[in-house]
Each structure stands twice: as C-alpha cells, then as structure tokens.
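Peer 1: Going line by line, the protein sequences match chains A and B.
Read left to right, the first sequence gives residues 1 to 289 (the numbering used here).
Read left to right, the second sequence gives residues 290 to 612 (the numbering used here).
Heads up, some of the hints might be wrong.
Stated by the list, open to error - Quick list of the computed label-pair ranges, beta carbon to beta carbon: (1) B:Glu474 - A:Ser23: 36 to 42 Å; (2) B:Thr469 - A:Arg44: 38 to 44 Å; (3) B:Gly341 - A:Leu145: 48 to 54 Å; (4) B:Asp419 - A:Leu145: 31 to 37 Å; (5) B:Asp372 - A:Phe205: 49 to 55 Å.
Bear in mind the hints are in silico, worked out from the structure with no lab data behind them.
Remember, predicted model here, so these are calculated numbers, not experimental data.
Ideal Cβ positions, reconstructed from N, Cα and C, are used throughout, including at glycine.
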Amino acid sequence: MSVITADPKSAVARPARPVSRPSPLTAWAALTGRRLALSAHTPREILAPLVTPILFALVIAPALATMIPTSGPGGVDYRTFVIVGTVGLLIPLTCAFAGIGVIVDRTTGARRELLAAPVRRGLIVAGNLTVAVLTSALQISVLMLAGWARGSAFDVSASGVVWFVVAVFVFTVFMYSVAEILANRMPTQEEYVGLVPVVAILPWFLAGSLFRITALPVGLAGIARVLPTTHVLALLRYGILDRNGDGLHDIWGFTNTTVDATLSMLVLVAWATLLVAGSMRIFHRAAVN
Amino acid sequence: MSEYQRTHPDWDVPSVEVIGLTKTYPGGVEAVRGIDFTVGAGEVFGLLGPNGAGKSTTIGMLTTTIAPTGGTARLAGHDVVTDPLAARAVSSVVFQEAVVDRALTGRRNLELHARLWGVAPLVARGLITDLADAFGLADILTRPVGSYSGGQRRRLEIARALVSEPHVLFLDEPTVGLDTRIRYELLDLIGGLRSRTGMTTVLTTHYLDEAERLCDRIAIVHEGRIVALDRPSVLLARLGEEIVELRVDRDPDGALAAMRTRGVADGAAFAVGATLTVPITRHTARETIAAIADLGIEPDTLTTRKPTLDDVYLQLTGSRIAA
C-alpha cells in the first residue's frame, strides 16, 4: 500500500485566484438562471404550462359564457369575468408546481451545494421566486392574449394595468411563499402534492372566481373576504375589467373604490410579507440543522 | 498547539482550526462531543471512523450546513458561525451523497459553481476546460448529469469543487458506494490533487486504505470524539512492526494477563472478545509464539501480520471501523 509521505510544508497553499464572492445581484441572477434551466430545459416544460390558460381562454370561458348569455356580474361580459378569475387558479398552481422543485432540490438535487456557496441563503429562495413570477407572468399574458383574441372585452387604462400587474406580482409572491413553506415542511413529494388541491384550488372556488362572493352563504362569504385570492381577483377585475370595483365593494362595503382597492392591496401585501418572512425562516431552519 | 504544528513552525494561519466543537441534535443525540484539531496549509487531513462516529456532522459544521452547538471553527481564519460567507468563500465540499442538478449538463453544473463562488467567466471557462480534461469529463460535459455513471458523477462533483480553486477542500466519504475499480481510479485522482493545487484537503472516510494512502495526518473519531491524531505511520508504530493475533475462547483476559506478567506482551496488547492482539516489540515473532506456547495458552487460531489502522482503532475503542 502506498503512503503519501510528501511534507505538506512543500506545498503551502497558493491559491491561483484571490478569494472572491459574487455580488448579491450576480448570485441572484445565477440562482434564477439555474431555476429557469431546471424548469424549462425541454420544449415540453415550456409549452405544457401554457395549455391550461389557452384552454381556459379559448374553450372554458366561452363555454361558461354561453350558459350565462346575459351580461355578467356588474354589467361585464361573463367570459371576461371568468378569464380574469382564472388568474386566481393559474398562479397558485404554478407556484405549487414550483414547490415540487424545492423538494427535488432537497432530496436529490443540489441544495447542499447551494447552501455551501458564499451567497446569502435567502437568495436561493429569491431565485426560485423570481422564476415563479416569470412563469406566472408568461401564463397570464398568454391567457389574456388568448382571451382578447377570442373576443373578451377588457377595459384597459394605464392605472388599471398598474393595479393589475402589482396585484399579480404580490399574489405570486404570496403563493410562492406558501409553496416554499409547505415544500420545506412536507417530508415527501407525495405528501406535498396531496396538499396542493387544498391550498391552490379550494380557495379559488370561494374567492369570487366564477361568481360574486355575495352569492355565497353568509358564513362562506365571510371566509372569502379573508382569503388573499378574493382580494387579488377583485383587484385584477378592478384593473382591467370592472372600473366600478363591484368585487371590491363586495369585500369592503365602502363607496370609494380607490380606498377599497388600496385596502385590498394592503391585505395582499401584508399576507405576502408575512409569508415571505415565514418562508425564509422555515427554509433556513430546514436547510441548516 | 498540535504536534504537527510543533514540528512545522513555519506554518502560519491554519487552514482549518477547530476548538471544542460540539453538536447535539434535537432529541439529545450528541454527534460531536468536543473535538479539537488544526490543519495546516497544503495538508491532507483525514477524519477516520465508522458510520455514525460524527465525521459528516463535523464536515457539516465546517461547511456551515450544520449549526454547531458549542466551540469554534475557523477556515483560513474565518469563523464559520460569525463569518460564514467568508468561510464558505475559501472552501468547497464534495458531499457523501450525490448533490448535483441531474437535469442540467455537467458543464452547467460547473458553471453554476463558478458563478456562485465569484469566479470570473473567462477564468471559469479556462478552468472548466482544464478540469474536464484532467478528470476525463470532456466528452460527457454536454450531457445531462442524470445520464452519468456513479464514477462519472463523482468525478464531476470533485471537478466542480475545484472550479473555485478553494483554500480548503472537504471530501466527505468521496468513494463510498462506488465499485472497486472506480474507487481506485478516484483515489489516484484525489491523491493527485495535492500536486495540482497545493490546497488543504479534509477527507472523511471509513476506508482504512484510503486514509492511509491519502492523508498526511489522521484523526481517529469514535462516538463524537477524537481518540487519536497523528501521521498514519506514527499511529501504526503504536503497534510495532508486526502483531500476533490469536483467538482464545477460554479466558482470554486471563491469557493476556499471563502474557503481560511474563513479558510476552506489553501495555499495547489488548483483548477484544476472544481475540488477543499482541504487538511484537521486544522479541521476534517466532520467540513470541514460542513464549505463548510455553505459557500453556492454546489458541484456536494464531496469525502474525503487519498492523493496520483498524488494529489501532480496535486498540483505542474496542471496536472495528470496518464492520
């Protein structure tokens, strides 16, 4: 058996490269690029998530609209009403699927390598979140374009689009944080997937996606008013469909639409802030024993 | 100051400095119970012990993926608790299990490491080319890592750790789970790292030959404590040039006591169960065997052989590394 007997003194470490660390921006870009590559490294992974919004815009929303041929709630086109409501399903599902990536990273992926990197660990979560936001944005853009092509009537204004975009962003941050928390808490992918319908789909039915929340029994309407999904849908419709803010009035009952919208945005921001902080904390606790 | 540092007074800041490091997991499991060691620049240092000895937990604490319960640890002078980013910047780790993005290509895995460790893109490109050639990865670098064999994936992980040219490289059981041929290929490769970069390497293993072949010094870890720390040759010298191993089913402790009384065995001899291990220090093997026979001890088996690190471990802990 050979024994290395060289004196270590003769090989004193002489790093060829000065010790360096990436800037937070570089690290965030690298981690975002990694997640993008993992999420979209085949055409199937790029195209498959677009099928659902296209199907909703081209088939389901028009089909539902034929069942309710009169003008929809608040005097808007029901087809458009449903298309906007679909956003409240797409974002949670996109984020829930992104959560599976977190579990894969943890169980068979490169999470420990990332944890050993000289970057702030919150950036790992931030990189994943960024991709969830980008994916959601892509899906919603496709949904809206397909809906517009199919004849949906959007009431577009600059301020309305700002409300819409900010609401989508904050809601995606909220939903991704929920997914991150669950992905770090659930021991297996199977258990995580079992929770997806409860977290991503159930609230959608109560949140005024297909009908106004005033149509719900009083108790359920009360629950709906607390759900972030209800607030985001009301804000989205206020942004590009229902400038009267009927959905917002259903939640708050005030007469000033801007106040209602601001309050709903604050609720969303509060939820998102709370959950982001929680997801970071749980990620750290799950990642470092 | 360790013996090694005393004999190498020109060493400056240690690459790794561990003082009183402890780790108790929730539930009260004491994985590491206060260990101390120092690793000098350019040294290859081994943590040797069986599974569950606390080696991987130690590596986890040094790479900041496990929070220490007590004590301090520094990498190139950077405290792993109070300055973890700096500690991580000077180190890389190859984990015991595969830790790669399997859906990405080998090149993408290497590039990601380079970016996260702040290696300039042009420098990274050159390093990746060099490492791919040196590690026999050039032809498979564009393939997804999921299609790699176990040996190829391991080589990729080692190459990845080197892309950032770390001051300290941690190798946590680098050859575990690999077949013999690939394991020996990897040992050659790891052995060549020193001449390639001159960096400090901390290696954990439960393979005795691996530790003996690669390491300048070895810390033998048992139940969360370091029970011996020295050069492999010095550790082996505790048991002399040769040992007699005999199996005595009837009263082995009595047989050992008798051998000691007659001067056949000294304090280094030990009994574990029915097996007596007697270092040959004062007599020849033939004389020792004859003396054992004169004592009326009738062993079931008796062999002479060179001592191994397993014997050292057995002497120190009463159990074998390799179960």
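Peer 1: Give a verdict on every hint.
Peer 2: Verification of the supplied hints:
1. B:Glu474 - A:Ser23: 36 to 42 Å: holds, 38 Å
2. B:Thr469 - A:Arg44: 38 to 44 Å: Given about 40 Å between the Cβ atoms, the range holds.
3. B:Gly341 - A:Leu145: 48 to 54 Å: Cβ of Gly341 (chain B) to Cβ of Leu145 (chain A): about 58 Å, so the range 48 to 54 Å is violated.
4. B:Asp419 - A:Leu145: 31 to 37 Å: Given a distance of about 48 Å, which is not inside 31 to 37 Å, the answer is violated.
5. B:Asp372 - A:Phe205: 49 to 55 Å: Given a distance of about 50 Å, which is inside 49 to 55 Å, the answer is holds.
Against the hints set out earlier in the document, violations occur for numbers 3, 4.
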